[in-house]
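J.: So you can see what is in the structure, the chains are spelled out below.
4 protein chains.
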Amino acid sequence: MHGYTDNKDDHLRRLRRIEGQVRGLARMVENDEYCIDVLTQISAATRALQSVSLNLLDEHLKHCVSQAVAEGGTTADDKIAEASNAIARLVRS
Amino acid sequence: MHGYTDNKDDHLRRLRRIEGQVRGLARMVENDEYCIDVLTQISAATRALQSVSLNLLDEHLKHCVSQAVAEGGTTADDKIAEASNAIARLVRS
Amino acid sequence: MHGYTDNKDDHLRRLRRIEGQVRGLARMVENDEYCIDVLTQISAATRALQSVSLNLLDEHLKHCVSQAVAEGGTTADDKIAEASNAIARLVRS
Amino acid sequence: MHGYTDNKDDHLRRLRRIEGQVRGLARMVENDEYCIDVLTQISAATRALQSVSLNLLDEHLKHCVSQAVAEGGTTADDKIAEASNAIARLVRS
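Residue numbers (the working numbering), protein chains in the order written: chain A, 1 to 93; chain B, 1 to 93; chain C, 1 to 93; chain D, 1 to 93.
Hints listed in this document are in silico derivations from the structure and should not be mistaken for laboratory results.
A quick note: this is a predicted structure, and the numbers were derived from the prediction, not measured.
One or more hints might be untrue.
Copies of the same chain look alike in the list, so a pair counts if it works inside one copy or between any two.
Unchecked claim - Restricting the straight-line Cα-Cα distance to at most 25 Å, the calculated cross-link-like pairs of lysine to any residue (SDA-like) are:
| id | residue 1 | residue 2 |
| --- | --- | --- |
| 1 | 62 | 20 |
| 2 | 8 | 73 |
| 3 | 62 | 72 |
| 4 | 62 | 30 |
| 5 | 62 | 89 |
| 6 | 8 | 28 |
For reference, chain A alone in the conformation it holds in the complex (with noise of 0.2 Å):
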């Protein structure tokens, strides 16, 4: 089990919207839709993605990195170094 199972629904139910928004992305550059319109779109399926992105650590941290942390030592440390490198490549993404 991990942080975000108690609410795998509404990150499914975010991804499936994600999933559609591409999927309309696709549609407007095959519709020649104007290059402006289909960036906007692009921007907000970004920080949809951020979104889920920024719940699932939430969770993560409290869930998985707090037991880690409740065991001390090397888990603890291992645990956190992990999280840390997520949200680095998170920032830089």
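Given chain A's structure and the hints, the job is docking chains B, C and D onto it.
T.: Only chains B, C and D this time, still in chain A's reference frame:
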């Protein structure tokens, strides 16, 4: 016709791949895969969307903005302002 | 002369303010202020730098890129490629 | 005492360097240096600020958040929510 029309197939191929990535994210969540692995894949999908944006923007500058600049006057000013706003949304998403 | 020359004072005023923000960050760290408060101020300084970039880019499109487009040929192509690379760096920083 | 106190000198050294980078940006603008070169340096300063943030956040997770998690209850919940909000601001700046 827009700047991206010549590269339409490339954009469609990338968008289809991103659509598959997002579907893959939903599968990972359904299969209770580890949070950090899901986050890593989200960062990859975000960067893929970013690349599509940057390509579209480059083609937009080469084609639509350049045409407007050739016309000059408010046509050029409006088109550049529109491009700058799209860049700002992209930077802040 | 560059696109930003007309707004030089505004850019210099913003950059001086950001310089002060960064100096303020050092003071916060020296005074052992709370991590989250320091992080909040770093986000503010980052957004301020972003605004300077977006203004410079807008002026660059209006001035330098437009002039190159008017000249046409490889001058225009090179200048747009250069602008697109700068936008990519901005998006990924 | 905060998570970053042990690495205070490193943070101060980085922030002083960034302060110098921002001062250098003002000099570039004063000397009418080419827009793209100024943009390139702004991206460098932005990434340097990002690194300071990510280091501070890592130390905050190791120290302040871990302590709060050890205490448990609302202390832990509040501290994690606060960290998640700081991460969101960082991602969106």
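J.: Hints first: check each against the structure and report whether it holds.
T.: Tested hints:
For the homomeric pair residue 62 and residue 20, neither the shortest alpha-carbon distance inside one copy (30 Å) nor that between copies (30 Å) is at most 25 Å. Within a single copy, residue 8 and residue 73 get their C-alpha atoms only as close as 30 Å, which misses the 25 Å cut-off; across copies the closest is 24 Å, which meets it. Both within a single protomer and between protomers do residue 62 and residue 72 lie at most 25 Å apart by alpha-carbon distance, with minima of 15 Å and 11 Å respectively. Taking the closest pair of Cα atoms, residue 62 and residue 30 come within 25 Å of each other only across two copies (20 Å); inside a single copy the shortest separation is 43 Å, beyond that limit.
Taking the shortest alpha-carbon separations for residue 62 and residue 89, both the intra-copy value of 20 Å and the inter-copy value of 18 Å come in at or below 25 Å. Proximity of residue 8 and residue 28 under a CA criterion of 25 Å is satisfied inter-copy only: 11 Å between copies versus 30 Å inside one chain copy.
The structure does not agree with numbered hint 1 stated previously, though it agrees with all others.
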